[in-house]
Structure formats: C-alpha cells, structure tokens
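**Student:** Residue numbers (my numbering), protein chains in the order written: chain A, 6 to 333; chain B, 7 to 378.
Hints were generated in silico from the structure; no laboratory data involved.
Some hints here could point you the wrong way.
[Claimed, not checked] For lysine to any residue, the following SDA-like pairs were computed, each having C-alpha atoms within a straight-line distance of at most 25 Å:
no.	chain 1	residue 1	chain 2	residue 2
1	B	LYS243	A	LYS329
2	B	LYS243	A	PRO223
3	B	LYS119	A	GLN274
4	B	LYS243	A	MET94
5	B	LYS243	A	ARG44
6	A	LYS329	A	SER22
7	B	LYS119	A	GLN23
8	A	LYS279	A	PRO223
9	B	LYS243	A	ILE39
10	B	LYS243	A	LYS279
11	B	LYS243	A	SER22
[What the hints assert, rightly or not] Listed below are several chain A residues computed to face chain B (Cβ distance under 7 Å; list not exhaustive):
no.	residue
12	TRP28
13	PRO155
14	PRO160
15	ALA250
16	ASN300
[Said to hold, decoys possible] Computed footprint of chain A on chain B, listed as stretches where at least three residues anywhere in the stretch have a Cβ under 8 Å from a Cβ of chain A:
no.	stretch
17	61-74
18	123-137
19	152-161
20	240-246
21	250-256
Here the structure is a predicted model, which is why all the values come from computation and not from measurement.
All residues carry an ideal CB built from backbone N, CA and C; glycine is no exception.
Listed below are the residues making up each chain.
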Amino acid sequence: MTDTGSPRSSALRRRLSQINPVWVLLVLLIAAIIFMNPRFVEPTGYMNFLKRAAPLAILAAGQVYVIVSGGFDLSVGSLITLVVVGSSMLTNNDPAATYWVIPLMLTMGLGVGAINGLIVCFLRVPSLIATLGMMITLNGLAFLWSGGAPRGYLPDTFRFFGRELIRDVPLVRFIPVSVLVLIVVVGVFAWAMHRTNLGRHIHAIGDNPVAARLAGVPVNRVRITAFMISGLSGAIAGILLGGFAGVSTDVGAGYELQAITAAVLGGAQLLGGKGSVPAAFGGALALTAIFTLLNFLGLPQPVRQVVQGLILIAAVALAMHRRKQTGT
Amino acid sequence: MRHIIVATSALAISALPLHAQNFNDPEEFAKQQEQLQAEPMGPEGQPWLQHIGDSMVETADLGVEAPATVCFSNAGVNNPWRVVGYTNMTEEVANHESIENFIHVDAEGSDDKQIADIDDLLAGGDCDVMIVSPNTTAALTPAVERACEAMPVIVFDRGVNTDCPVTFVHPVGGYGFGIQGAEFIVDNVEEGSNVLMLRILPGVDVLETRYSAGRRILDEAGMNIVGAEFTDGDNAKTKSIVEDYLQRGEIDAVWMDAGATAVAAIEAFEDSGYDIPVFVGEDQQDFLRKWQEEDMTAIAPTYPTYQWRTAVIAAARVIEGEAVPGPEWVLPQPAITQDNLDEFVNPAMPPLHYAMCGCEEMENYPEAWGGN
Chain A
6 MTDTGSPRSS ALRRRLSQIN PVWVLLVLLI AAIIFMNPRF VEPTGYMNFL
56 KRAAPLAILA AGQVYVIVSG GFDLSVGSLI TLVVVGSSML TNNDPAATYW
106 VIPLMLTMGL GVGAINGLIV CFLRVPSLIA TLGMMITLNG LAFLWSGGAP
156 RGYLPDTFRF FGRELIRDVP LVRFIPVSVL VLIVVVGVFA WAMHRTNLGR
206 HIHAIGDNPV AARLAGVPVN RVRITAFMIS GLSGAIAGIL LGGFAGVSTD
256 VGAGYELQAI TAAVLGGAQL LGGKGSVPAA FGGALALTAI FTLLNFLGLP
306 QPVRQVVQGL ILIAAVALAM HRRKQTGT
Chain B
7 MRHIIVATSA LAISALPLHA QNFNDPEEFA KQQEQLQAEP MGPEGQPWLQ
57 HIGDSMVETA DLGVEAPATV CFSNAGVNNP WRVVGYTNMT EEVANHESIE
107 NFIHVDAEGS DDKQIADIDD LLAGGDCDVM IVSPNTTAAL TPAVERACEA
157 MPVIVFDRGV NTDCPVTFVH PVGGYGFGIQ GAEFIVDNVE EGSNVLMLRI
207 LPGVDVLETR YSAGRRILDE AGMNIVGAEF TDGDNAKTKS IVEDYLQRGE
257 IDAVWMDAGA TAVAAIEAFE DSGYDIPVFV GEDQQDFLRK WQEEDMTAIA
307 PTYPTYQWRT AVIAAARVIE GEAVPGPEWV LPQPAITQDN LDEFVNPAMP
357 PLHYAMCGCE EMENYPEAWG GN
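Produce the complete structure using the sequences and hints provided.
**Tutor:** See below:
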C-alpha cells in the first residue's frame, strides 16, 4: 500500500494511533522477558507473573475510580498492611475464622473508603491530604494492633486466595486462585466504570464538577462511592498479598504510589475526567514486567532503581505526547 | 517509599567510597571465627551473663550510688528483633532493686532525633547512668562522647568510634553470623553446588559483614553462587525472587543474611513443586517451626536478643560498683542446630519471636513477649 493518502490507510493509521501505548509497552517488555528467559512462555512462567501482578492490578483498577473522579487515594498501601495484620490477629490460627474475617476485611475496606470520601466531600479537605492522613493513621493502627511485630499466622483457608493453584486445567495446566480473583474483580470494575451510569457520573464529576452538579449528578454520593471502590480494592489486594507471602508488618508499603503509577501508565489523567480500568490493568502488568525484567537482567540494585525511574518517566511522557497529538 | 530510602542510602554509600567502612576485613573475620570457638567465661546456661575474653573494668570509683536512675537512648523499636529485645530489657529492669527509675527515649530510627534525645537527657539532669543503642556508628559518636563526660555510659548492639563508654556489650558479630551459616552449607552440599544468597539491604554494616564472611567461605569452598539478591526484607518480593531463580535452574542451598523472610523463601520451593534445599535462616519461631515440621536440613545462626538484658545488667553493676567485662563485653553467639532445635521451638510464641532471647525463665514469660 503505497498510496498513503487513501482513506483506508489513514483510517488504519487512526485506529493504530488509538491503541493505548501501554499495550505496546507491555508487548515490548514481555518480548524482552521472553528473550531473556525463554521458559517464561511455559505456564509456570506467565502464571507466576500474573499471580504476582494480581494485587497491584486490582489496586490500580480501584485507584482509577478515584483518579477519574479528580482525586488521589494514598491510603491503600497502609490499608493493605492493616488488612494483613488484622486478619492474622483475628483469625488467631483458627481455620474456621476465615469465613467471617474475609467479609469483615472487605467491609473495613469499604468503610475506610467511605470515611475518606466523607472527609473530602464534607470537611473539604483535598483528597491528597485526606488520604495521606488516613495512610498515617492506618499505619499507626496496624502498629498498635500488632505491637510492631506480627502476632499470629494466617491459616491456610485464608491463604487459599493468594497461594493455592487450581490444577489439571486444560491448555494452561494450572491457574492460581489469585488470577481468577484478578479476572473477576477487574472485569466487574471495568464493567461498572465503562457500562453503567456510575461510571459516566464519575467521569463527569472529574471532568467538571460544577457542570456535573448542574446536570443533576449527585456529586458527593458519586465521589464517596469512588473512594469506597478504591478501599475495597485495597482490602482485596491485602487478602491476596497476605495469602501469597504471609504476615509482615510492612506488606503494603509503597503500593499506593505503584497503583497510581500503574493507572497513569494506562493513560489516566491525574486531575480527573479521563481513565480506563483495562488500561490501568495494562499499566499494572507493565510495571510488574519492568520489575521482573530488571530482576532477570541481574543488574545491581541501585542501577535497577535508576532504570526503573527513568522508564516510568519516559513511559508517562510518551503517553502525554500521544494525548497531545491525538487531541484526546 | 522503601525503594526511595534504599536508593538514597545506596547512592550515599557509593558517593563516599573513601570514607566507607571496610565490610570485608580479614583480621576481624579471623578474630570472630576464633571467638565462635572460644569457651565463654561465666555461668553456664546463662549466656547473657557470659563473656568471651577475661578483661574486666572496675566501676567502684565511678561515683554512682544505689538506687539510681538509668536512662536509655534507643535507636528504635522499629523491627521485630528490637521489639523482642526491648521486652527483654524492660523485664530485666524489674530484677534490679538498684535501678530506681528507668527512662526510655525512642529515636524512631533517626540519627538526628537520637542526638537530640541524648542531649535532652543530659540537660534534664535526672540520669545517673546512660545506656545507648546507637542508630548509626559515626553519627552518634559525638553525642556519646558528651554523655561520657557527664556519667557512665554503656553502649550495646552497634558500636561507636570512641572508647569512652564503660563497656560495649555485643555478641561476636556479623562475620560470625555469616561464617556459621556458610560453613553449614559447605558441610552439607557438594563442591560446585548452586547457592542462592538473599540479603535485605545494601550498606548496613551488620548485614554487609554477614554477607562478606558468608561469601568468602562459599567462594573458598568452590560453591557456585547463582545470585546475591536484595529482598528489602519483604516476604512477597523474597518469594518472587526465589520463584524466578527456580525457573532458571536448580538451587541446592539458600544462604540468608537475616531470617525474617525465610519462610516465604521456603514456600517458593514448596509452591513450585521442588524439594526444600539446605537452608540458612535465623532464630525466628516461624522458621524454626517450618524447619521442624518439614524436617529440613537447616541452621539458624543468631544475633541474640539477650544482649538487651546484658546492657541492663551492666548498668546495675555500675550502680552497685561491681566490675564488668570491658571495654568490650563480647557475648557468645550460639547457632540453633538440628541437635537443639526442639528446645527452641514454641508454637505458643508469635511467628517473629526471636527464640534465642534468654527470656524463658523470666517472670512474665511468655505473655510479655506476645505468647499465649
């Protein structure tokens, strides 16, 4: 096709330029990982990768709700810690306790989100500060509860979601339970964001809260719901992380920034109005792929961190550049 | 946040190569190797009262009268090792009538705060004896020197670059820890076996010396070190790193510079369907339990938390005018092995309780340590 001016090829080019660059980045990173470690194409390779990415991907999918509504949620990292520490205290080695502890933890996630939302809506505290305060508070609570060192083990029934595999699955041999959780949660979050009125309202209040209010959107209720969804994602991520690796008192440290980074890699706009759950999922996979690739390269730790920082800045700069070009 | 801290500290260390401490000192290595073999002085079965070497310091002329106030400037209670140690300490204080008051200030892991804490304690004028557990060696030296001018000082855990304290209480040290684990691996796998080394962070003196000693022994024995990775002390990251290594080849032994994430590393073998290899952990209960349940080939070198008791005992002796081992009170540093594993496993204790605490006979054991 040499006639580049023909309508068909420009339509093709337009469609290509509409592909979110996060998917291109992800494909490149995965190709590099496979080049470094050909066994990555076996189920053990990619399933381990997905299992590892699951908590961050779920967290990023929840974070997108808050970001699109025009805020930040910095409290999810310490919420993860509180969920893991609290679960180990409450289950107290009793396998039967899992059945009430997990619903309780999910409710706690929703509750923390609701409080964040109420503070932002009614006390008029900017979300950055409100959730920063919540982050510090929850860290303190986790410390108080545990006395600074884990006090109990998580029973195997609790760890099922983050640790167990479903074996003898056709085609892929096995699927980690956490990957199933990942598919369901991201699926539901994507549906609610892109196929329901709630999703449209969240986009509207992030884009222009005044216009949204005048158009009859219940701004406060929608904003609180966004924070609750993010809190719920934090609780789910905590259950998976505690399951994957057991109890420690700083499991969640740093996850809030990683979740925001993943959402932004996926093209979410930091001041609201624009963002996509599937793209944030892609961003989380890309971020995990960067970590994995740097592990495989075997570079010394400080070099890894420099490279990691530069890749992140470059990727987001690229996304911004594309946005300017395509005018979206 | 942890990554930022790690990156900053790594940069800070790489920027100061001329002033960096030597973490691979053959003389210190040889000294600690010898101390591990030495027969300690003092009552058998009470290692917190024992000492290696026979030099003593008289304290009768230090001018402290019983009962007295002991002030403790603590680097932090910010990890499970320090939580156990601090509990040992407060329980030990109750054993001494000569200690009337015990004032504790927590520097929360900050050099600046600890320097200010020490100056505040000096200005307050209530202290008769001061115990310092320094956050970092070089930064705290001037503050400790100021304290020495005012009262007898006892330093423990990490040291300072001055000999003004009455005594410096510490176990054999980081080289000793590294030696015990690596020698166990050398004794239990064949030459040329694949060894994975897992480390917490770069640049921390007590961890760097563990690594350099372990590496020296493994290299000299002709082991194939497949990697030396930093885990940030994070369970999930540790498990991921080990899974990645298992995808690329076999691992015959795992050496760790600290045991808090040992169980996560073991689970990586289990969940990937491999046999658990030879393991070096530490004296945390969760690792000891796993070792017993799975009948592993393992060793647990220790950095005993009973040194927190010893610091209080040293302070009490200063008040009572008795001689103390000094200028360094070197405590024995035993490893837990298959032979004595059963004595240390206790399912009633929390997972990260450090079993080599010398605290089992104390009055409030196990409740004060979080046990049932």
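**Student:** Take the C-alpha atoms of LYS243/B and PRO223/A, compute the straight-line distance between them, and say whether it is at most 25 Å.
**Tutor:** Cα-Cα ~42 Å, so violated.
**Student:** So, PRO160/A near chain B? Judge it on the closest CB pair being under 7 Å.
**Tutor:** violated, 13 Å
**Student:** Tell me if chain A covers the stretch 250-256 of chain B under the three-residue, 8 Å CB rule, please?
**Tutor:** The restraint on the stretch 250-256 of chain B holds, since 3 of its residues have a Cβ under 8 Å from chain A and three suffice.
**Student:** Would you check whether TRP28/A satisfies its interface hint, that is, whether its CB is within less than 7 Å of any CB in chain B?
**Tutor:** violated, 24 Å
**Student:** Once the shortest beta carbon distance from PRO155/A to chain B is found, is it less than 7 Å?
**Tutor:** holds, 5 Å
**Student:** Between LYS329/A and SER22/A, does the CA-CA distance stay at or below 25 Å?
**Tutor:** holds, 12 Å
**Student:** Given the hint that LYS243/B pairs with SER22/A, test it: the Cα-Cα distance must not exceed 25 Å.
**Tutor:** Violated: LYS243/B and SER22/A sit about 36 Å apart, past 25 Å.
**Student:** Could you grab the alpha-carbon distance between LYS279/A and PRO223/A and see if it respects the 25 Å cut-off?
**Tutor:** holds, 19 Å
**Student:** Is the hinted pair LYS243/B and ARG44/A satisfied, with a Cα-Cα distance of at most 25 Å?
**Tutor:** holds, 20 Å
**Student:** At least three residues with a C-beta closer than 8 Å to a C-beta of chain A: is that true for the stretch 61-74 of chain B?
**Tutor:** violated (count 0)
**Student:** Is the Cα-Cα distance between LYS243/B and LYS279/A 25 Å or less?
**Tutor:** violated, 32 Å
**Student:** Would you check chain A against the stretch 240-246 of chain B, counting CB to CB pairs closer than 8 Å, and say if three or more residues qualify?
**Tutor:** holds (count 6)
In this structure, the earlier hints numbered 1, 2, 3, 7, 10, 11, 12, 14, 17, 18, 19 are contradicted, and the remaining ones agree with it.
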